[in-house]
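2 protein chains.
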Amino acid sequence: MRETYHGQLDAIVVSLVGLTETVADAVNRATRSLLNADLPLAEQVISDDRIIDAAHDDIEQRAFALLARQSPVAGELRTIVAALRMTNALGRMGDLAAHIAKVARLRYPDTAVPDALRENFRAMATLSESMVRTAATTLRDRNVENAAQLAEDDEEMDELRASQFRVLLSDDWNEGVEKAVDAALLGRYYERIADHAVNIGSRVIYLTTGSAPEGDMWPKA
Amino acid sequence: MRETYHGQLDAIVVSLVGLTETVADAVNRATRSLLNADLPLAEQVISDDRIIDAAHDDIEQRAFALLARQSPVAGELRTIVAALRMTNALGRMGDLAAHIAKVARLRYPDTAVPDALRENFRAMATLSESMVRTAATTLRDRNVENAAQLAEDDEEMDELRASQFRVLLSDDWNEGVEKAVDAALLGRYYERIADHAVNIGSRVIYLTTGSAPEGDMWPKA
Numbered sequence: 001m002r003e004t005y006h007g008q009l010d011a012i013v014v015s016l017v018g019l020t021e022t023v024a025d026a027v028n029r030a031t032r033s034l035l036n037a038d039l040p041l042a043e044q045v046i047s048d049d050r051i052i053d054a055a056h057d058d059i060e061q062r063a064f065a066l067l068a069r070q071s072p073v074a075g076e077l078r079t080i081v082a083a084l085r086m087t088n089a090l091g092r093m094g095d096l097a098a099h100i101a102k103v104a105r106l107r108y109p110d111t112a113v114p115d116a117l118r119e120n121f122r123a124m125a126t127l128s129e130s131m132v133r134t135a136a137t138t139l140r141d142r143n144v145e146n147a148a149q150l151a152e153d154d155e156e157m158d159e160l161r162a163s164q165f166r167v168l169l170s171d172d173w174n175e176g177v178e179k180a181v182d183a184a185l186l187g188r189y190y191e192r193i194a195d196h197a198v199n200i201g202s203r204v205i206y207l208t209t210g211s212a213p214e215g216d217m218w219p220k221a
Numbered sequence: 222m223r224e225t226y227h228g229q230l231d232a233i234v235v236s237l238v239g240l241t242e243t244v245a246d247a248v249n250r251a252t253r254s255l256l257n258a259d260l261p262l263a264e265q266v267i268s269d270d271r272i273i274d275a276a277h278d279d280i281e282q283r284a285f286a287l288l289a290r291q292s293p294v295a296g297e298l299r300t301i302v303a304a305l306r307m308t309n310a311l312g313r314m315g316d317l318a319a320h321i322a323k324v325a326r327l328r329y330p331d332t333a334v335p336d337a338l339r340e341n342f343r344a345m346a347t348l349s350e351s352m353v354r355t356a357a358t359t360l361r362d363r364n365v366e367n368a369a370q371l372a373e374d375d376e377e378m379d380e381l382r383a384s385q386f387r388v389l390l391s392d393d394w395n396e397g398v399e400k401a402v403d404a405a406l407l408g409r410y411y412e413r414i415a416d417h418a419v420n421i422g423s424r425v426i427y428l429t430t431g432s433a434p435e436g437d438m439w440p441k442a
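Chains X and D supply the protein sequences, listed in that same order.
For what it's worth, the working numbering labels the leading residue of the first sequence as 1, then goes sequentially.
For what it's worth, the working numbering labels the leading residue of the second sequence as 222, then goes sequentially.
Calculated directly from the structure, the hints in this document are not laboratory data.
It cannot be assumed that every hint is accurate.
[Claimed, not checked] Ranges of calculated distance between the beta carbons of each label pair, as one might list FRET restraints:
1) D:L260 <-> X:S163: 23 to 33 Å
2) D:E264 <-> X:S163: 21 to 31 Å
3) D:L260 <-> X:N174: 27 to 37 Å
4) X:N36 <-> D:L256: 38 to 48 Å
5) X:A11 <-> D:A295: 22 to 32 Å
6) X:P40 <-> D:A286: 43 to 53 Å
7) D:A295 <-> X:A54: 17 to 27 Å
8) X:E145 <-> D:D336: 46 to 56 Å
Every residue gets a Cβ at the ideal spot worked out from N, C-alpha and C, and that includes glycine.
For reference, chain X alone in the conformation it holds in the complex (with noise of 0.2 Å):
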């Protein structure tokens, strides 16, 4: 029966994990639909979040049956709790990734992003991005190094968007004012992204550490 048990937590893990991998495609292709104004790739992002959202609900029925059916203690317990923190992370990344290509949809054929903001963009995806794929390593390895290195990639985040907000708000911003709305919550979305990378990162080193960081027991998602 333990071992059974073990079986179905180390499966839900696994599912993470490649739950983790389809939400950083899901933000690789919408940026695509982003930059590139394609149209079928923003649709199918959109359409897709229901299979993201299919794969969380999984997840969660999993994780309150094992909570339900078995007495899990200390270090399971700690661990089904933050899958269940994790999926519901992950859904809402997923969320957000739609967020995204629906503004993709919203301006085709134009071009939401403008010129003077695309390297930003750029940056900001790929940042956000390789975030998502760390978050999923750090709970695959349980490494403890990965989530401080999450930690620091939401500074450069924070800079990027900081950047993104002078480029918008300057004298020389003649793009008008939608498209400085779209690059507002835009880059929104982004930062959300990376903030609930930084959080799956935060919940690893709980689960290693058994402490968490800055006395938080989980950040809020």
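The hints should help you fit chain D onto chain X, whose structure is shown.
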């Protein structure tokens, strides 16, 4: 032992209801600081977010301790896991109220919200604050009708946000890029507060009926 256990579980729900009221107050004060360019009030909301975070951590620790020390089953287990989710949602709502106050602080002594959007923001703020308070009573009374009301309120919120976009993207907009960007992000914060209130409502439905609205076990926060 079970007596104490139920007492502890009830106490967690009482704390959650109390935290919901604290968060509703934070939203109310953040909105006043925003609309009146009230710097001391904005500072207070920002620094009081620590109180919300501390309450969040406390509820989380107590829920986790119950999970670890008892072996809750069925309804009790559902309540504890939902409490973990709810305290997370409430912590996020507190963060969002602080975000709103930070925009007020950033633009002081100017008012971040221009006259053309003042009524829209007042309506959005009143609605989201009322949704947070409804979430509190829904939770306290396990009132399924209340929870359904929250879903309706959320549609009204969507309409308010759509009308906000119509104003700030219209040809008549002469407030410039900065105020448009501020408004778009502020609108997003209020919308997310409302989303979290709806999620709390959905979880109450789940706790009360055992079946999730729309097939999802718990909506992602």
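Assessment of proposed distance window 46 to 56 Å (beta carbons of E145 (chain X), D336 (chain D)): Given a distance of about 52 Å, which is inside 46 to 56 Å, the answer is holds.
Range agreement (Cβ of A54 (chain X) with Cβ of A295 (chain D), hint 17 to 27 Å): Given a distance of about 25 Å, which is inside 17 to 27 Å, the answer is holds.
A286 (chain D) and P40 (chain X) - C-beta distance against the hinted 43 to 53 Å: holds (51 Å)
Status of the given 27 to 37 Å range, CB of N174 (chain X) versus CB of L260 (chain D): Since the Cβ atoms of L260 (chain D) and N174 (chain X) sit about 33 Å apart, the hinted range of 27 to 37 Å holds.
Assessment of proposed distance window 38 to 48 Å (beta carbons of N36 (chain X), L256 (chain D)): Given range 38 to 48 Å: holds, Cβ gap about 41 Å.
Supplied distance hint 23 to 33 Å, evaluated on CB atoms of L260 (chain D) and S163 (chain X): Cβ of L260 (chain D) to Cβ of S163 (chain X): about 27 Å, so the range 23 to 33 Å holds.
Distance restraint hint 22 to 32 Å, applied to the beta-carbon atoms of A11 (chain X) and A295 (chain D): holds (24 Å)
Range agreement (Cβ of S163 (chain X) with Cβ of E264 (chain D), hint 21 to 31 Å): About 27 Å separates the Cβ atoms of E264 (chain D) and S163 (chain X), which means 21 to 31 Å holds.
Checked against the numbered hints above, the structure breaks none of them.
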